[in-house]
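Number of protein chains: 2
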Amino acid sequence: MHTFFLSQAIALATANVADGGGPFGALIVRDGKVIAASGNRVTARLDPTAHAEIMAIRAACQVLQDFQLTDCVLYSSCEPCPMCLGAIYWSRLREVYFACNRFDAAKAGFDDGFIYDEIPLAPEHRKIAMHGLNIADALSPFQAWYQLGDKTPY
Amino acid sequence: MHTFFLSQAIALATANVADGGGPFGALIVRDGKVIAASGNRVTARLDPTAHAEIMAIRAACQVLQDFQLTDCVLYSSCEPCPMCLGAIYWSRLREVYFACNRFDAAKAGFDDGFIYDEIPLAPEHRKIAMHGLNIADALSPFQAWYQLGDKTPY
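In the order they appear, the protein sequences are chains A and B.
Everything in the first sequence is counted per our numbering, starting at 89 for the first residue and increasing by one.
Everything in the second sequence is counted per our numbering, starting at 89 for the first residue and increasing by one.
Since the hints were made in silico from the structure, they are not lab data.
Be aware that one or more of the hints could be misleading.
Identical chains blur together in the list; that is why a pair holds if it fits in one copy or across any two.
Below 35 Å or equal to it, Euclidean Cα-Cα: the simulated DSBU-like pairs (lysine-lysine) are [said to hold, decoys possible]:
# : residue 1 : residue 2
1 : K239      : K121
2 : K215      : K195
3 : K195      : K239
4 : K121      : K215
5 : K239      : K215
Pulled out of the complex, with its shape left as it was, chain A reads as follows:
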C-alpha cells in the first residue's frame, strides 16, 4: 500500500513538471483514501511556500474542515524540507512516507542542506541576519490572547 501511494506521488511529481511546476508531488491519505494531492507550485503560483507537501496539507485541511490532520498520512515523492517538516508537526500528521531523500534532491539541484544547517544556529549567527529587539509592549498580544474568553486553542 505504501509503495502504491508513493508511486502515485512520484507520477504526480513527473506530471507536475510538464504542468509548469517543480519535480515534487505529495498526497494526503486517510483511511486508505487519497483526500488531497499536489505538485510543487512555487514558480507557477509565485509562492515560495507552495511546496507539494504544504499544498497537500492545506488542501486536506479544507477537505476535512480542520486545522489538524491527526489521522492522516503524508506520501511525498521526496524527503520533506525543514519548512515542510515544520508544517508536518503543526498539522500533527500521523506518519510520513517518502521516496527519494534530501541527498537525491541536492544532486538534482534542490539543496535544502543549508536550511538544516541554519535552523539550529542562534538567530544572530544565521546567514540571513535575524535580530531580536527589545520592544516595550512585545508581550501584549499574548496578554490579549490570555484574556480572550471564547477561543480555539491550537
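Since the structure of chain A is provided, determine the placement of chain B on it from the hints.
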C-alpha cells in the same frame, strides 16, 4: 525605524486576536514601505501553515509578482518558528527583525521547541514516524525536470 515596524507588527498581532486569529503578526517591508502584512490565521482559515510570517511572505510575493523577496525585510511580533524559518530561506528575504522570542512564546502556550529538537534527527528517529522507502522510479521526476527545456529554475 526597526522599532517602528516591530511596534506595528505587535499592534497587528493584538488586533488579530480580537479578529479570531492567533497572537502573532508580521509585516514585509521594502524600501521603507510595508508591502504586505498578516496576523496568524491558522484556526480562522483552517490552515496549519497560516502563520503570520508565511501569510505575509505569500502576500508580498503576490504584490511583487515574484517568488523571491531578496530586497525585503520581515518584521515579526515573535521569533519565527522552524516552518517560517524555512519559508524565510526559500523566499531569500534580506533580513528579519522580531520582538519577543521563542521562550516568551512557549510561556504563552505556543511552544515550537519540539520542532527545533526534531528537525536535526534522522527521519526514522522522529516522534512523527517518517519512512524513506526504495521505489524503482523515485528519480524520474528529476529526470523529467532535467530534460525540460524552457523552465524557471528556483
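For each hint, the structure was consulted:
1. Taking the shortest Cα distances, K239 and K121 sit within 35 Å of each other both inside one copy (32 Å) and across copies (33 Å).
2. Within a single copy, K215 and K195 get their C-alpha atoms as close as 22 Å, and across copies as close as 28 Å, so both meet the 35 Å cut-off.
3. In this assembly of identical chains, the alpha carbons of K195 and K239 lie at most 35 Å apart only when taken from different copies (18 Å versus 46 Å within one copy).
4. When the C-alpha separation of K121 and K215 is checked against a cutoff of 35 Å, the pair qualifies only between copies, where the shortest distance is 24 Å, while the shortest distance within a copy is 42 Å.
5. Taking identical chains as interchangeable, the C-alpha atoms of K239 and K215 lie at most 35 Å apart only when they sit on different chains, with a minimum of 28 Å there against 37 Å within one chain.
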